[in-house]
Amino acid sequence: MTKKILVVEDDATTADYIARGFEQNGYVVDVAGDGRDGLFHATDGHYAAIVLDRMLPGMDGLSVLGAVRAAGIDTPVIVLSALGSTDERVRGLKSGSDDYLGKPFAFSELLARVEALQRRGPTGTQPVVTSLRCGDLSMDLLARRVERAGVRIDLQPREFRLLELLLRNKGQVVTRTMMLEEVWDYHFDPGTNVIDVHISRLRKKIDEGDRLPLLHTVRGVGYMLSETA
Amino acid sequence: MTGLPRLRLPAPIRVALISLAFGVVITLPVLLFVYHQTDSLFEQRIHDRLDDAERSAMAAYSASGPTALAGSIQQILRTGQLRGGVALLVDQRGRKIAGNLSGWPPVLPTPSQWNEFRLYPEGQVRAELFAIRTIALPGGERLLLGTTIDERERMRAALVEALLGALLLAIPLGLFGGWVILKIAERRARAIGNVAARIAGGDFSHRLEEETGAEEFAMLAAAINAMLERIEELVEQLRLVTDSLAHDLRSPLTRMRANIERAASTDRERQQQAMEAVSLDIDRMLRLISATLEISSTEAGVGKQHFEDFDLAALLRDICEIYNPLAEDGGMQMTIEAPANLDYTGNRQSIGRAVANLADNAVKYGGGEITLGAADRGEFIELWVADRGPGIAPDLHERALGKYRRLEESRTTEGSGLGLALARAVARLHGGDIELQDNAPGLRVVLRLRRDAANLSPL
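Sequence lines, in order, name chains V and L.
Using this note's numbering, the first residue of the first sequence is number 1, and each one after it goes up by one.
Using this note's numbering, the first residue of the second sequence is number 1, and each one after it goes up by one.
Simulated from the structure, these hints should not be mistaken for lab results.
Take these hints with a grain of salt, some might be off.
[To be verified] With a straight-line cut-off of 27 Å between C-alpha atoms, the simulated DSS-like cross-links for lysine-lysine are:
| # | chain 1 | residue 1 | chain 2 | residue 2 |
| --- | --- | --- | --- | --- |
| 1 | V | Lys-94 | L | Lys-304 |
| 2 | V | Lys-170 | V | Lys-204 |
| 3 | V | Lys-204 | L | Lys-304 |
| 4 | V | Lys-205 | V | Lys-170 |
| 5 | V | Lys-4 | V | Lys-94 |
| 6 | L | Lys-96 | V | Lys-103 |
| 7 | V | Lys-103 | V | Lys-4 |
[Said to hold, decoys possible] Label pairs and their computed distance ranges (CB to CB):
| # | chain 1 | residue 1 | chain 2 | residue 2 | range |
| --- | --- | --- | --- | --- | --- |
| 8 | L | Pro-394 | V | Val-129 | 48 to 58 Å |
| 9 | L | Gly-373 | V | Asp-140 | 36 to 46 Å |
| 10 | V | Thr-228 | L | Asp-267 | 44 to 54 Å |
| 11 | L | Gly-331 | V | Gln-118 | 55 to 65 Å |
| 12 | L | Ala-375 | V | Thr-2 | 50 to 60 Å |
As the structure is a prediction and not an experimental result, all values here were calculated from the model.
The beta-carbon is built from N, C-alpha and C at its ideal position, and this holds for glycine as well.
Okay, chain L solo, but in the shape it has when bound:
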């Protein structure tokens, strides 16, 4: 609920201002340091000059008293030892003995080391700034020595000028730096933006270039590409599901339509038959839909929260017990090839369902001797269902795993064709995958489950 809307500057200006602020923050202390160093150096030289003048004056005084000192003062002034300085020697009563000042400045204490005073030396019209030292002499006389510090003032002005100049220079440099950074970032952002736009346009095959450029951008590009990979996979799956669902729902719906028309006839017997056929088709469609949902939620990682400890070998025995009678009725035999006990932590229900689907497929499409197997392979546990039927040609293996991709040849057989897709989703839920192998002859479907699937983070 702020009264005023916050001022939002355009991005280029913001970046330039930030870069500028950085420039100033770095330059200013450097300049101040230079200023301070130079200034104290100058002050030291002025001190030295006053010291020299004082020493020679004192030497003259101690040698032969005020008269000699007066002569020394004249000489100091003449030789310019004080660089256009001032000097004044007064007696005990303050009367001038020698020097180029008309009188003792009234507020000046004696003795004193350092006073900055504006004075008019005799014969000059302009007041100048002097650094002044006063000395009380043993005979009661007072001595004043001064040297001009205009020099220092000029130097200070020059430094301030240089400082301002540097700051002024920092503005265009800062702006330029900001512009360069912005351009680099903009180019990267545009590259990402272009790929995003293409993807928004429906072309999921696009990827960012990963090798070039700074480490951070390369990492970002790799992360985005990995995300795109996953999205493409999911979209592709979704497309397949929609296509196949439409295809697989169309035939029962068509049959239902025909049956409902038949049910409109007057013959009770035929009505009854038609309604039963409709009911059967509805069941088939429901099974299809719930299997699809089950696969989708398994692929999304749902089911991780229901991991439990159980015996995989016992699970195989259960499934064998459930499906063996069916196999025997079809003239086949189902056997188990597993250790007596194989403890595992995972989703028992979904693994059970996956193996059941594979066993069901083996009975329907396979044939001969059917084997349900399990083995501990260290990092992974392998479960397999093998048959001696016609098998699937190796080049069709990948297709067979797709959701809904029942192979065309077997379309006539009853079943949703989702068994392998569900088994794959379940294997992935447990950090593994599925593989179709040639059982020479026949098909061997291997499910690999990670031993430590329970500790894996979702996806």
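Pulled out of the complex, with its shape left as it was, chain V reads as follows:
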């Protein structure tokens, strides 16, 4: 079944850019040009995720979000905003959005976040997972053990959480900003090499020797854990 994405964005160029990006990645996209239209679509169709602009003519993005949540729709929503500061982000998240992305953004970052949201599912409905796998790499969340081909790997607590994040998003790109947010709970752009150093240490531990590399760099976007290169 193809997945549907609703894009609520008044700027036609941006809407087109986002829509084309999702279509190239196998999604069906509906575009709404204002808040009212967006709300109508959101309450009507079954979407995998909603991409909602913060500033909309007619009805403000956060009001649309409030109305959608009030209508009992728990579709994951990611808010886009030119007001990209950390405080705006907090406000967006408090209003019921699942993620927040400052404009301008790279499409790959949006895609990575939307895919992560879908996997996570609506808040509170995640099934309890006790173990994660990728190829011959396995993680036991209860015993906090990581093994590769049956051999135990010792990880620092943060390395464990970084790997957990990658495993939960197996086969999907995780951006550097997402890592800083999920693992350390700081919402700033860490630049390129800070996270890279952590990844290279993690990579050294899990992809050591002549094993099949699992941790891949996606240039210009982030990292992905996958059995296939």
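Please build the complex by placing chain L on the supplied structure of chain V, with the hints as guidance.
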């Protein structure tokens, strides 16, 4: 929706009129009081005079009856005891016995204390105003005694004249007072206006004189000067941002232009490389712009609403954990110098970002042993990031803190140069400031955060 436009008088006339109205309001009651006092004094004297005449008349009557009284009346009139007064004695039937009136005025009751009557005394052509007292005598005779009150009338007229005169005098005085007040205010206003005009002309260095003059004006001048200080600072910052932003955006834009031209070539491999380079430059510019916006909004006090309780020591440990691997890769070591726990109320995200920026700078430009520290100093909490690198010469410290002022020597190193400016903005958001110190050798950046930052009013 009023039909008529309201009459707006020019300011000098308005001030003069207000001053005049004040003059009148103060003068009028004083004059009325004087008038009343003088008037009752006169009336009292007239009463006294009538009392005297009555007493001597009664004395004569009780001694030897109407005949003696008639003689007494003649004497009273002759001696002028009543000051050109009138007197009349009539018998039971109203026939005249003595006096200088031809007959009893028909409407006059007897006895009565005080009547004001216009009468013609015998031998006079003009009627005069008299205060008249009538007395019923035990033998059935009636006595009339009167004294002129023209005097009082003249006094009243004089008082009214004086009153009008005083009011007339109040007009020029009021106008003059108004003019003086206006001139003083005008001079002050012109001084402020001149400074405002200079500032409008682009010269932000001008200030009002603060010491001279009245307290209120001194306070106003001080308040305006404080405002100008802040405006000058903001304008200066804005200018620096614009200059540096233009400078810092020009190089990636130039590179992008070159790369796009290269991308027009036919070689697939080179096209790919060129596009990746362009993408990298765009990211760099985006980072630059969002950092600038972040600093501006932090400086404007945005972020106060997201204060929360958190552990600063844990924050330092987080940042150390994030940056230490990077430091180790560069042959450095990052350590922490802080109590196990340091609770604080503030904006965790922005403080985290500020410390991260400082740690990033220390790894990039510093070197050797890098220390992230925190200590409770009572009113303030100090956070510091110290390195053992080349440091910054003390005379360059202030320059280094400016927005965009990456020191020229380090221009070649990657980075926006906004780290210190952001850290300063964050410190100020928390009621403190930033200080650069010599770590002998190396640089030590100290952030001071007020303990009670959450209770400070914005700016």
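Legend entry - Satisfaction of the hinted span 55 to 65 Å by the C-beta atoms belonging to Gly-331/L and Gln-118/V: violated, 43 Å
Inset, instruction - For the range 44 to 54 Å, tell me whether the beta carbons of Thr-228/V and Asp-267/L fit it or not. - result: Once the Cβ atoms are compared, 29 Å apart, the range 44 to 54 Å for Asp-267/L and Thr-228/V is violated.
Legend entry - Holds or violated: Lys-94/V to Lys-304/L, with C-alpha atoms at most 27 Å apart: The given pair, whose Cα atoms are some 16 Å apart, holds under the 27 Å limit.
Legend entry - Pair hint outcome, Lys-96/L versus Lys-103/V [Cα-Cα no greater than 27 Å]: violated, 121 Å
Legend entry - Gly-373/L paired with Asp-140/V, Cβ distance criterion 36 to 46 Å: At 38 Å between Cβs, range holds.
Inset, instruction - Decide if the proposed pair is consistent with the structure: Lys-204/V and Lys-304/L, CA atoms, cutoff 27 Å inclusive. - result: Violated, at roughly 42 Å.
Inset, instruction - For Ala-375/L and Thr-2/V, compare the CB-CB distance with the range 50 to 60 Å and indicate the outcome. - result: holds, 58 Å
Inset, instruction - Below or equal to 27 Å on CA atoms is what counts here, so check Lys-170/V against Lys-204/V. - result: holds, 19 Å
Inset, instruction - For the pair supplied as a hint, Lys-205/V and Lys-170/V, confirm whether the alpha-carbon distance does not exceed 27 Å. - result: Holds - the C-alpha atoms of Lys-170/V and Lys-205/V are around 18 Å apart, at most 27 Å.
Legend entry - 27 Å limit on alpha-carbon distance, applied to hinted pair Lys-4/V and Lys-94/V: Satisfied, since the Cα-Cα distance of roughly 25 Å is no more than 27 Å.
Inset, instruction - Could you grab the alpha-carbon distance between Lys-103/V and Lys-4/V and see if it respects the 27 Å cut-off? - result: Judged against 27 Å, a Cα distance of about 23 Å means the pair holds.
Inset, instruction - Evaluate the given range 48 to 58 Å for the C-beta pair formed by Pro-394/L and Val-129/V. - result: Since the Cβ atoms of Pro-394/L and Val-129/V sit about 56 Å apart, the hinted range of 48 to 58 Å holds.
Of the numbered hints listed earlier, those contradicted by the structure are 3, 6, 10, 11.
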